[in-house]
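> Residue strings, one per chain:
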Amino acid sequence: MPVDLEQRASYERRDSILHGCDARIKIALLFVYLVTTALLPIGAWVVYLLMGGILLIAAVLSELPASFLLKRALLLEVPILLVLLPQIFLKSGSYVEISPWQGFAFSLSFTRLERVVSLLVRSWLSLQFAVIITAATRFEDLLIGLRACGLPHLLTAILGLMWRYLFVLVSEVQRLQQARQARSSVLAGPNWRLGGSLPWRAQVTGGMAGALMLRSLDRSQRIYQAMQARGYDGEIRAEAVASALTPAQRLQIVAILLAGVGMLMLANLMAAQ
Amino acid sequence: MININDLSYVYEDGRMAIEHIKLHFSCGEKVALVGPNGAGKTTLLLHLNGILCGQGSVRVGEEELDDRRVKLIRARVGLVFQSPDDQLFSATVFDDVAYGLIYQGVDKETIHERVARALEAVGMPGSQNRSPYRLSLGEKKRVALATVLCMQPEVLALDEPTAGLDPRGRRGIINLLAGLDQTLLIATHDLEMVREIFPRVVIMDAGRVVYDGPTSTALADTELLRAHGLLG
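Those sequence lines, one after another, are chains A and B.
The numbers in the working numbering rise by one with no breaks, and the one at position 226 of the first sequence is 226.
The numbers in the working numbering rise by one with no breaks, and the one at position 196 of the second sequence is 196.
Incorrect hints may have been included.
If you only want the chain B side, here are some residues facing chain A, beta carbon under 7 Å, derived [unchecked claim]:
# : residue
1 : Val10
2 : Gly54
3 : Asp86
4 : Phe89
5 : Ser90
6 : Tyr99
7 : Gln104
Label-pair restraints from in silico Cβ distances [stated by the list, open to error]:
#  : chain 1 : residue 1 : chain 2 : residue 2 : range
8  : A       : Leu155    : B       : Ser57     : 49 to 57 Å
9  : A       : Pro152    : B       : Gly126    : 36 to 44 Å
10 : B       : Gly126    : A       : Pro199    : 24 to 32 Å
11 : B       : Glu63     : A       : Tyr165    : 39 to 47 Å
12 : B       : Met16     : A       : Asp15     : 41 to 49 Å
A short list of chain A residues far from chain B (calculated; beta carbon distances all over 10 Å) [stated by the list, open to error]:
#  : residue
13 : His19
14 : Leu74
15 : Pro79
16 : Leu81
17 : Leu84
18 : Tyr95
19 : Thr111
20 : Ala157
21 : Leu159
22 : Leu161
23 : Leu166
24 : Leu176
25 : Met208
26 : Gln221
These are calculated hints, taken from the structure and not from any lab test.
Small disclaimer: the values here were computed from a predicted structure and weren't measured.
Where is the CB? At the ideal position from N, CA and C, for every residue including glycine.
Okay, chain A solo, but in the shape it has when bound (with noise of 0.2 Å):
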């Protein structure tokens, strides 16, 4: 059964500006952003809009449904949420006690708050924008590009095997659970202890992550030496490293870095002031 996991797990086919953009310049984009983002004060607000404002057309750029893109941020932004969240709660800067029944307090600090919703709006930002150039943007595309930029190639070709030997353990991790439904079966009748005490299921799925291991250890070699055979040295080739940047393409990555600099310089203008 062809399940295009590899595929679907980041890219998202379509015909957009954003996807037959050049993936340097997607890179250098992203990286600006990220650097930019991280390095913006705390309580720049209008910056954060204007860097919304950049983050909404890539959006639209990218033709990508808002719910699919929306989802995959959020969905990474959960833990950051949970790590920042408590710091509200800690007795810095201008805060207020609440005890909203006797014997019970807490303190809510201002300070903490506004530092807290700043992270998270920049996180938001920075993950957002990755996640839409990433769906916008073949892996392989990416690691082309990352060499472009001067990333070793013994990394990118880490990535790459990296992510493709992930697919082949969510392959063998599907064919097991397969496995194991098809054979979990109830009998007609009642007075039958349906699927098995907690330790055996335990001893079954430590079993299953060995056999995983084993298994997947064997296919990546087979993949490896498959591609070994078809003259893999460890770099990856692609037409389009070939070709050179256009003046124009550099044009655009001199813009899109005078812009990252000019959001910086604004924002620290703005908390100047």
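Once you've looked at the hints, dock chain B against the given chain A.
Quick look at chain B alone, frame taken from chain A:
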């Protein structure tokens, strides 16, 4: 025994895997599903055990296959996957063969007895403590069959049981299948085996049933076989 009515299944990429399949298998019948690669044989077998759920209906005996009854039906229809590596997931042969029985809550004594009997039936006696990972392909296929035989299902659905086996291993499996009493549905390309033990054959091509009838008639019709990729 099994009634398949207007069953269709579409892959996630939109391709039709099987289309409007209507079939009836009687109790104790031995039927071979043949057809070229991608004909939909495996997809059809996966529906009998509720692994896949397409449009249309599948009835096993008096029970309609649905979410509520799927586990009951799995006890009646034993499915053996094409690759034994997909079937076996435990650390030892015993654990793998006993899995279905333990899940059903069968008592220990019966489990040990049935596992030993199933392994003996497939020609693998005394292999309880071996690791499935270390078995040869032929041995894995036999153990995979034992994993469902021990559950004593009324129907056995096997996907390509002789694929990839050497002549001796293939002969062993054929003899084993010929001696089984259950309703037997097998997806295969092995026309010699079909001729030998299956009185009825269903030929599938591009997701549809193109022939359903006596094996002798189908195998004598070289044009039919050639048209559906069963003759070179």
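> Would you list, in rising numerical order, the hints stated earlier that this structure does not obey?
1, 2, 9, 12, 24 and 25
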